[in-house]
Amino acid sequence: MQMTRRMALGGLAASTLIAAPAVRAQAPVELTFNYPVAVGGPITKVIDGYCADFEKENPGIKIKPVYTGSYQDSITKALTAAKGGDAPDVAVLLSTDMFTLIDEGVVVSWDELPGVDKAWTDSFYPGFMENSRTGGKTWGIPFQRSTIVMYYNKDAFKAAGLDPETPPKNWAQQIEYAQKLTVRQGDNVTQWGIQIPSSGFPYWLFQALTTQADVRLMNAEGNRTFYDDPKVAEALNYWRDLVTKYKVHPPGIVEWGTTPRDFFEKKVAMMWTTTGNLTNVRANAKFPFGVAMLPAGKKPGSPTGGGNLYVFKAASATKREAAVKFAKFLTAPERAAQWGIDTGYVAVSPAAWETKKMKDYVAGFPPAAVARDQLPSAVAELSTHENQRVTQALNNALQAVLTGQKETQPALAAAQAEAERILRSYR
Amino acid sequence: MSAIPTSSGPVRRGGLDLGHWLETAAAWLLAIIWAAPLLYAVWAAFHPTGYAARFELTAPLTLNNFVAAWHAAPFPRYFLNTVLLVTFVTGAQFVLCTLAAFVFARSRSRWMGLLFALVLVQLMIMPDMLIVENYRTMRALGLVDTIFAIGLPYVASGFGIFLLRQTFMQVPKELEDAARVEGCGTWAILWKVYVPLARPTYLAYGLTSVAYHWNNFLWPLVITNTVNTRPLTVGLAVFASTDQGIDWAIISAATLLTAAPLLLSFLLFQRQFVQSFMRAGIR
Chain A
1 MQMTRRMALG
11 GLAASTLIAA
21 PAVRAQAPVE
31 LTFNYPVAVG
41 GPITKVIDGY
51 CADFEKENPG
61 IKIKPVYTGS
71 YQDSITKALT
81 AAKGGDAPDV
91 AVLLSTDMFT
101 LIDEGVVVSW
111 DELPGVDKAW
121 TDSFYPGFME
131 NSRTGGKTWG
141 IPFQRSTIVM
151 YYNKDAFKAA
161 GLDPETPPKN
171 WAQQIEYAQK
181 LTVRQGDNVT
191 QWGIQIPSSG
201 FPYWLFQALT
211 TQADVRLMNA
221 EGNRTFYDDP
231 KVAEALNYWR
241 DLVTKYKVHP
251 PGIVEWGTTP
261 RDFFEKKVAM
271 MWTTTGNLTN
281 VRANAKFPFG
291 VAMLPAGKKP
301 GSPTGGGNLY
311 VFKAASATKR
321 EAAVKFAKFL
331 TAPERAAQWG
341 IDTGYVAVSP
351 AAWETKKMKD
361 YVAGFPPAAV
371 ARDQLPSAVA
381 ELSTHENQRV
391 TQALNNALQA
401 VLTGQKETQP
411 ALAAAQAEAE
421 RILRSYR
Chain B
1001 MSAIPTSSGP
1011 VRRGGLDLGH
1021 WLETAAAWLL
1031 AIIWAAPLLY
1041 AVWAAFHPTG
1051 YAARFELTAP
1061 LTLNNFVAAW
1071 HAAPFPRYFL
1081 NTVLLVTFVT
1091 GAQFVLCTLA
1101 AFVFARSRSR
1111 WMGLLFALVL
1121 VQLMIMPDML
1131 IVENYRTMRA
1141 LGLVDTIFAI
1151 GLPYVASGFG
1161 IFLLRQTFMQ
1171 VPKELEDAAR
1181 VEGCGTWAIL
1191 WKVYVPLARP
1201 TYLAYGLTSV
1211 AYHWNNFLWP
1221 LVITNTVNTR
1231 PLTVGLAVFA
1241 STDQGIDWAI
1251 ISAATLLTAA
1261 PLLLSFLLFQ
1271 RQFVQSFMRA
1281 GIR
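So the protein sequences, as listed, match chains A and B.
Under this note's numbering, the residue at position 234 of the first sequence is numbered 234, and the numbers go up by one with no gaps.
Count along the second sequence from 1, then add 1000; that gives the number in this note's numbering.
Calculated directly from the structure, the hints in this document are not laboratory data.
Think of the CB as a built atom: it goes at the ideal place given N, C-alpha and C, for glycine as much as any other residue.
Warning: the hint list may mix true and false statements.
[Stated by the list, open to error] Restricting the straight-line Cα-Cα distance to at most 20 Å, the calculated cross-link-like pairs of lysine to aspartate or glutamate (EDC-like) are: (1) A/62 - A/73; (2) A/64 - B/1145; (3) B/1192 - B/1177; (4) A/313 - A/57; (5) A/137 - A/103; (6) A/83 - B/1177; (7) A/267 - B/1056; (8) A/319 - A/155; (9) A/247 - A/176; (10) A/266 - A/103; (11) A/83 - B/1128; (12) A/319 - A/334; (13) A/180 - A/103; (14) A/83 - B/1145; (15) A/359 - A/334; (16) A/62 - B/1145; (17) A/266 - B/1056; (18) A/62 - A/234; (19) A/180 - A/155; (20) B/1192 - B/1176; (21) A/56 - A/386.
[Said to hold, decoys possible] For each label pair, taking beta carbons as the anchor points, the in silico distance ranges come out as: (22) B/1037 - A/246: 30 to 40 Å; (23) B/1118 - A/389: 25 to 35 Å; (24) A/219 - B/1266: 47 to 57 Å; (25) A/200 - B/1033: 21 to 31 Å; (26) A/59 - B/1128: 57 to 67 Å; (27) B/1191 - A/316: 34 to 44 Å; (28) B/1118 - A/83: 24 to 34 Å; (29) A/114 - B/1061: 28 to 38 Å; (30) A/364 - B/1033: 27 to 37 Å; (31) B/1174 - A/83: 47 to 57 Å; (32) B/1099 - A/219: 54 to 64 Å; (33) B/1124 - A/245: 47 to 57 Å; (34) A/389 - B/1175: 51 to 61 Å.
Put together the whole structure using the sequences plus the hints.
Written as structure tokens, this is what we have:
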């Protein structure tokens, strides 16, 4: 409820900012804007507010937001509609859907659109652009982007005799801290040291570990993966050892969706999850909590995640022009800052962090800046051609190893072989 | 057993009791396994979020989750949409399937076998595979974002035709002949002889059809764009936003809200449902 109110307030606050007088009337253009939440959620109010504000500023343009469910549902809906000759004009879809959208031939690169200059596409954090550019073209504009951070329970740190202001800095400390934080009663564990979710899309969290082990999972062309690199195995062994060797991480598959809940209920003292959860954690944690950059292995690192703005090919020239205006409106520093504050997503451009609003927010709530400070070491989220199948191969390997069904080497080798088979035709 | 030789009566009853007891226990076990998620949903929905994963008899009861869920999405509109949808689909299926099944059951044309096989082919194809083709059709008809479009692809149901044809085939020819002697035309025979005799089939098929369309998600999501046309399932997806974490209490409350009408009607219908089958069996 609290979140709802804050978001509604955010929408209101944003609407008062824009009092620019109407420009001259143009022929009305209607843009369909697909946005990946289901109807009625608190975020829809913010998005509705943005659309209304934009229409006020640009009287010739109407925005029709269509709420399309989860990211998975959204890409299905967008592709189905595009094939059915009814593509949306603008859509927020996963940054990792880039290759899929290009291969399906349904999106147009931003460089080809009227009114797009390099200064604008370069104004975003390079870490976010890694997943938005390929082959020298910009296909996506970062909008709701995130990275993985570590949340920890300061009370639990104190109880374990650790300094609540110094979270673990590296892999060795992470194990050491987790051991101290794991509370056992007989054979039962009442509080786990650390939890890294492994359901749904374990590859994303795993990618943090591989980045820290100083290895990349795929190339920039999205047609080759490196699942069988020894450093990848090292990263996976680290994760598995947390479970089997050190016994500081719950066994089996850890649910992504309920991990924050486990944190609130003090079943786990440190959790890895998206910065998109920051507002949720702030509203629901009944104890002082800290947010930290992920501990470094050979180096620090995390993948980015989240959604980009795409423009569809089917959009007419006037619609494309309007789409650029709309994207510039959504990513303007003031609005990007407000959006970040309302949702916990990382504001996408350095300029947004320089706004007064954002500076005030960070001054009052320093954890908000952790994700930004981690960005220099951030890498692109795993994304290739035939993304679903290629990542699924890795997901299966990860889950098989974490549940003890397979050994690390053969599992990763099998995943690599599968990815090779799929990607060979794209070289 | 031989330790109780006093009278044979109690021993036999004891044996019977044991079998009966086992049967009852097994039935209860299955029932509990089946009902466990539902019971959990009831527990989580009526207690504050903190108790979602803890069981304490003294936990405070609350209706706040229902209030929060109700306000998170325009549920009245979704309910209306879903009811309109299932009424339209099931109604249209009954009419179309009855007519088709009657022809397949009673026509003597030698092409019937082939045609019927073609209808059956539909059972082998997952509806989800046809999503793009269906979307094109709906767009060509100008029906995108209408409740009509959600139901239309399902109206000609191969399963319904198959089920009704099998039932109609079992109707004795003598009944039809007798009706004809009484002066009934083909329409009257269909309406007064076949349809009443197939009532249990209609009920069974109607229930499965309603349940399917009540729960269908992907196609309604793809073909609709606005609150005015979206059914409950799509509305329920609001609560599954994994980016922000899942609140089991509210999601349970919302699930109960959306499932309640269906659950209640099944419970109410159950007696009639079983009785219909029994009556059909006795004949």
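Open item on the list: For each hint given before, does the structure comply? Return the numbers of the non-compliant ones in rising order.
Closed with: Hints 1, 4, 6, 8, 10, 12, 13, 18, 21, 26, 27, 29, 30 are the ones this structure does not satisfy, whereas the remaining hints hold.
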